[in-house]
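Engineer: Protein chains in written order, with our numbering: chain D, 467 to 580; chain E, 570 to 732.
FYI, nobody ran anything at the bench for these hints, they're computed from the structure. No residue lacks a Cβ here, since even glycine has one placed at the ideal position from N, Cα and C. Be aware that a few hints might be false.
Quick list of the computed label-pair ranges, beta carbon to beta carbon [to be verified]:
hint, chain 1, residue 1, chain 2, residue 2, range
1, D, Gly-541, E, Ala-601, 48 to 58 Å
2, E, Glu-578, D, Phe-579, 49 to 59 Å
3, D, Lys-540, E, Gln-572, 55 to 65 Å
4, D, Gln-503, E, Glu-593, 29 to 39 Å
5, E, Pro-644, D, Glu-572, 41 to 51 Å
6, D, Thr-564, E, Glu-578, 33 to 43 Å
7, D, Gly-477, E, Val-579, 26 to 36 Å
8, D, Lys-499, E, Glu-600, 30 to 40 Å
9, E, Arg-597, D, Thr-472, 26 to 36 Å
10, D, Asp-518, E, Asn-589, 13 to 23 Å
11, D, Lys-540, E, Lys-697, 42 to 52 Å
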Amino acid sequence: MALHLTPRDSGPITVVDASGRITLGDGSANLRKTIRQLVDEAHVNILLNLADVDYIDSSGIGELVSAYTAVRSKGGELKLLHLTKKVHDLLQITKLFTVFEVFSDEPSAVRSFK
Amino acid sequence: MGQETKHLEVTLETQVESVNLAEEMCLRLAEAAGFGEDECYRIGMSVREGVINAFHYGNKEKPEKKIHLAIDLTPEKMIIHVTDEGAGFILKDVPDPLAEENLLSTSGRGIFLMRAFMDEFDVVKSQKGGAEIVMSKRLPGADSAQSNGNGSGGHDRAPRRGA
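So that you can see chain D by itself, here it is in the shape it has in the complex (with noise of 0.2 Å):
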């Protein structure tokens, strides 16, 4: 299943619902082009919505951690809402949660925004 992504504005933060599976190939250069896009247009602080995203592999891993050194040598910050239980485990074997700020509402992870 490809990856869809579409990016809307929620106040000075940049939602992107995502759906389908970041993995090697479409889903992973989907995910790159986007996010570099956002931040060329200076949309730096983003919330990416993983609620239908159900499968991850280490090349999307690798994606989301790249994207986030990308938004964050910009000043912003990416932020993840909504993980679901698969996405979650991942996170969390690889210790990623250490990394990322993750939330399961939207409008508190709007307002955790600097």
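Since the structure of chain D is already known, use the hints to place chain E on it.
Structural biologist: Chain E in isolation, oriented as in the chain D frame:
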């Protein structure tokens, strides 16, 4: 033992599509072997990571090289071999992705995931010098007392010598 071992072997091209193909194939076999949804996910992910490793690190994405996937279904476990045509690597030399300094690395988690998701995992040198990943998952309901001594199943994440 009355039950026979089933063996399947395929040669895959060094291309991204092979990753999905290998995953799909192993998922079907795992489902047919009686693994539940969670275990199928872990097996599928591990095969995926094994083939990504062969595609990217082993064969360096060179299309003239091949990826060899073999699956043995014994009465006790499903054993998966993923072999590349690269230079091989030493498992203990692979950096720990959980180390503080590697947490923000954009690669290097595939081996870790395979180790975490499978019951047994090892990397050996293939006859042609490439890396051969050998990993297995105990079949649901298989009695660990019948193990041939190569592993006890369960959820031990430590690597052990493969087949």
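Engineer: Next, verify each hint and record whether it holds.
Structural biologist: Results for each hint:
A beta carbon spacing of about 52 Å between D:Gly-541 and E:Ala-601 agrees with the range 48 to 58 Å that was offered as a hint. Checked against the hint of 49 to 59 Å, the C-beta distance between E:Glu-578 and D:Phe-579 comes to roughly 52 Å, which is consistent with it. At about 59 Å, the CB distance of D:Lys-540 to E:Gln-572 agrees with the hint of 55 to 65 Å. Look at D:Gln-503 against E:Glu-593: about 31 Å separates their beta carbons, and that is inside 29 to 39 Å.
About 50 Å separates the C-beta atoms of E:Pro-644 and D:Glu-572, a value consistent with the hinted range of 41 to 51 Å. Distance hint check for D:Thr-564 and E:Glu-578: the Cβ-Cβ separation is about 41 Å, which falls inside the suggested range of 33 to 43 Å. In this structure, D:Gly-477 and E:Val-579 break the distance hint of 26 to 36 Å, their C-beta atoms being roughly 52 Å apart. Look at D:Lys-499 against E:Glu-600: about 34 Å separates their beta carbons, and that is inside 30 to 40 Å.
Restraint check, E:Arg-597 to D:Thr-472: a C-beta distance of roughly 32 Å satisfies the suggested window 26 to 36 Å. A hinted range of 13 to 23 Å for the beta carbons of D:Asp-518 and E:Asn-589 is consistent with their spacing of about 19 Å. As the Cβ distance of D:Lys-540 to E:Lys-697 is approximately 46 Å, the hint placing it in 42 to 52 Å holds.
The structure fails hint 7 only (numbered hints given earlier).
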